[in-house]
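Line order of the protein sequences matches chains R and F.
Per the numbering used here, the first sequence starts with residue 1, numbered consecutively.
Per the numbering used here, the second sequence starts with residue 311, numbered consecutively.
Calculated directly from the structure, the hints in this document are not laboratory data.
One or more of the hints may lead you astray.
Stated by the list, open to error - Residues on chain F that point at chain R, a partial pick, calculated with CB under 10 Å:
id, residue
1, Ala321
2, Ser340
3, Asp342
4, Ile344
5, Ile398
6, Glu400
7, Thr433
8, Gly436
9, Asn439
10, Lys442
Positions of the beta carbon are idealized from the N, C-alpha and C atoms, including for glycine.
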Amino acid sequence: MDFKWTRKDLLSLYDLSREEIECILDTAQEFKKVSERKVKKVPALRGKTVVNFFVEPSTRTRISFELAEQRLSADIINVAADVSSLKKGETLLDTVKNIEALQVDLVVLRHSATGAQDFIAKHLKCGVINAGDGAHSHPTQALLDIFTMRERFGSLEGLNVTIVGDILHSRVARSDLWGLTKLGANVTLAGPATLVPEEFNCIPNVRVCHNMKDALEGADVVNMLRIQHERQTSGFFPSTNEYSKYFGLNSGTVKYLRKDAMVMHPGPINRDVEIASEIADGPQSVILQQVTNGLAVRMAVLFLVAECVK
Amino acid sequence: MGMEKVICEAAAVNSAIETIADAIIKDFCSDDKIEEFALAGLFKQGVPLSHRIAKIIEKKCNIKVPVAALDISMYRDDFGLRSALPLINETVIPFDMDMTNLILVDDVLSTGRTIRAALDAVTDYGRPNLIKLAVLVDRGNVEYPIRADYAGMNLQVDADKKIKVEFTENDGIDRISEIKWKK
Numbered sequence: 001m002d003f004k005w006t007r008k009d010l011l012s013l014y015d016l017s018r019e020e021i022e023c024i025l026d027t028a029q030e031f032k033k034v035s036e037r038k039v040k041k042v043p044a045l046r047g048k049t050v051v052n053f054f055v056e057p058s059t060r061t062r063i064s065f066e067l068a069e070q071r072l073s074a075d076i077i078n079v080a081a082d083v084s085s086l087k088k089g090e091t092l093l094d095t096v097k098n099i100e101a102l103q104v105d106l107v108v109l110r111h112s113a114t115g116a117q118d119f120i121a122k123h124l125k126c127g128v129i130n131a132g133d134g135a136h137s138h139p140t141q142a143l144l145d146i147f148t149m150r151e152r153f154g155s156l157e158g159l160n161v162t163i164v165g166d167i168l169h170s171r172v173a174r175s176d177l178w179g180l181t182k183l184g185a186n187v188t189l190a191g192p193a194t195l196v197p198e199e200f201n202c203i204p205n206v207r208v209c210h211n212m213k214d215a216l217e218g219a220d221v222v223n224m225l226r227i228q229h230e231r232q233t234s235g236f237f238p239s240t241n242e243y244s245k246y247f248g249l250n251s252g253t254v255k256y257l258r259k260d261a262m263v264m265h266p267g268p269i270n271r272d273v274e275i276a277s278e279i280a281d282g283p284q285s286v287i288l289q290q291v292t293n294g295l296a297v298r299m300a301v302l303f304l305v306a307e308c309v310k
Numbered sequence: 311m312g313m314e315k316v317i318c319e320a321a322a323v324n325s326a327i328e329t330i331a332d333a334i335i336k337d338f339c340s341d342d343k344i345e346e347f348a349l350a351g352l353f354k355q356g357v358p359l360s361h362r363i364a365k366i367i368e369k370k371c372n373i374k375v376p377v378a379a380l381d382i383s384m385y386r387d388d389f390g391l392r393s394a395l396p397l398i399n400e401t402v403i404p405f406d407m408d409m410t411n412l413i414l415v416d417d418v419l420s421t422g423r424t425i426r427a428a429l430d431a432v433t434d435y436g437r438p439n440l441i442k443l444a445v446l447v448d449r450g451n452v453e454y455p456i457r458a459d460y461a462g463m464n465l466q467v468d469a470d471k472k473i474k475v476e477f478t479e480n481d482g483i484d485r486i487s488e489i490k491w492k493k
C-alpha cells in the first residue's frame, strides 16, 4: 500500500478519506501493544512539545491525551480555560499564538464553540488536534468507537450500528456518523423526535427512527449517548424517567437487541438513565475497552500528525 | 528511476544468505553444543531475510529457530525529517526477549541508524543475553559505532548511491541493485 499520511491537523472525520481513517486505525493497533508491554513508552515524540488546551472542561479525554503523549515521550503542558488569559479577555487566537511562540509542536484543543479548531489551525504552523468542539466534532472519540468495532467484527462493511440519544447536540454522534458511513456501515440514529432531526435521513446509509424496537432489532452495535443534565430540564422530553423508560437501554428494551450485539457508551454514564447498570456492567458492554482503545487511537493520531508538522 | 544497475541476481543472493546461515551455525550450533538463539527481522526486507536464514539453519541443524518481526518506526531518530511517514507494520515476537541470544537481521547495513533504533526497541521488550547483527549487504559507511557480525557480502558503494534489495516474498524477484540516491 502506497498511502501516506500528510495532515498536520486532525479536525474532523468529515475531512478524512477512508484510507486516512484506516491508516489511523492500523497505526493504533500497533500502539495498543505498546501499552501492553513491560516498558509502556516509545521515544517517537521525544523532543516534541504538546499543549493540552481544554477551554471546555474534560477529564477522560484530557487524561487519555496526556497519557498518550507521555507514552510517546513528548513534553506536555496542560492549560485549562479558567486559569488561562482567556479569563482576562484575551482572544482565543492571541492565546494560542502566544503558546505557539514558545516553539510548541502540537496543540490539543477542546472548545465549546463549533469550528474553534478549524479557525486556529488556519493561523498556526503547529499541528492542531480537535479534542471536541461544541456539538460539531470529536474525531478521536469516533475513531476509538470505530477501532473497538473493527477489533470485534474485523470490517465495518455492512455493519448495522445504532446510536441512541441526544443526536441533536452530540458531537460524538456526528463524528461517528461520518467515520462509520465512510467505512461502509449502516447507521441508525434513534431517540425522541425533538432530539433526532429528520434531516439526517438525507445522508446515504443513515436512517432516523423514534422507537427502540425498530432501532435495536438487527443492530450489531448500539452506542448509547449520555443525556446531558442541562437537556433534562429544557423541554426536549417530558421527564428523565420517561426518557429512560422509552429510550434507555434497560430490561424492557434490551430484549429487542441480539445477545451478541455490542453495547457502547462514550462516558461518562448516567447509570439507569440512558443505560441500566446491569447492562453497562454486563457481558455485552465494551465501555471500558473503549477507554483502553482511546489511548491507542490518540497515540496513533499524535504520532501521525506530529510527523507532518514542519 | 532510470539509474538502476543490477549487482547480483537470485543465485548470488541465495548464496549470500547461505553464507550468513553458515556463519551463525558456526557460532551457535557446533557439534558438541547447540546454544539457543532467535532471529529478529527488521521491516521491511529484514523480515523475509530472517525467515530464509532460519529455514536454512533449521534444515542443516535439525533445530527450530524462533523468528520475530520488528517494526522500529516508533524508535527512529529522523522523526519529522522524512517527507512522508511509512506505515507501521505489525511487530510479532513469539518468544521471550529476556535471556535470549538475539540476532537482528536487516537487508543492508548503511548508516547504522536503523540498527541503533532497533537496539532501543529490543531493550524495551526485554534484556537479551547477547545481541548480534546479520545483514545481507554491508556497504560500509556507518555513521554510528555499529558493525555487522554476519554479512552476506561486502560492497563498496559511493555515498550518492543506494543499495536496493528485493526478495521474492515482497517483490516477486531476488535481486540486489544499485540506484542513484536523490537526497
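Hint check results:
The beta carbon of Ala321 (chain F) is not positioned within 10 Å of any beta carbon in chain R (closest approach about 31 Å), and the interface hint is therefore violated. Annotation: interface hint on Ser340 (chain F) violated; nearest CB of chain R at approximately 33 Å, more than 10 Å. The interface hint given for Asp342 (chain F) is violated, since its Cβ lies 36 Å from the closest Cβ of chain R, which is over the 10 Å cut-off. Evaluation of the Ile344 (chain F) hint against chain R yields a violated restraint, the C-beta minimum of about 29 Å exceeding 10 Å.
Hint status for Ile398 (chain F): holds, given a least beta-carbon distance of 5 Å to chain R, under 10 Å. Checking Glu400 (chain F) against chain R by beta carbon gives a least distance of about 6 Å; that is within 10 Å, so the hint holds. Using the Cβ-Cβ criterion of 10 Å, the hint placing Thr433 (chain F) at the interface with chain R is satisfied: the shortest such distance is roughly 8 Å. Taken as an interface hint, Gly436 (chain F) checks out: its beta carbon lies about 8 Å from the nearest beta carbon of chain R, inside 10 Å.
For Asn439 (chain F), the interface hint is violated, since its Cβ never comes within 10 Å of a Cβ in chain R; the closest pair sits about 17 Å apart. Annotation: Lys442 (chain F) was flagged as interfacial toward chain R, and the flag is violated, the nearest CB pair being 22 Å apart, outside 10 Å.
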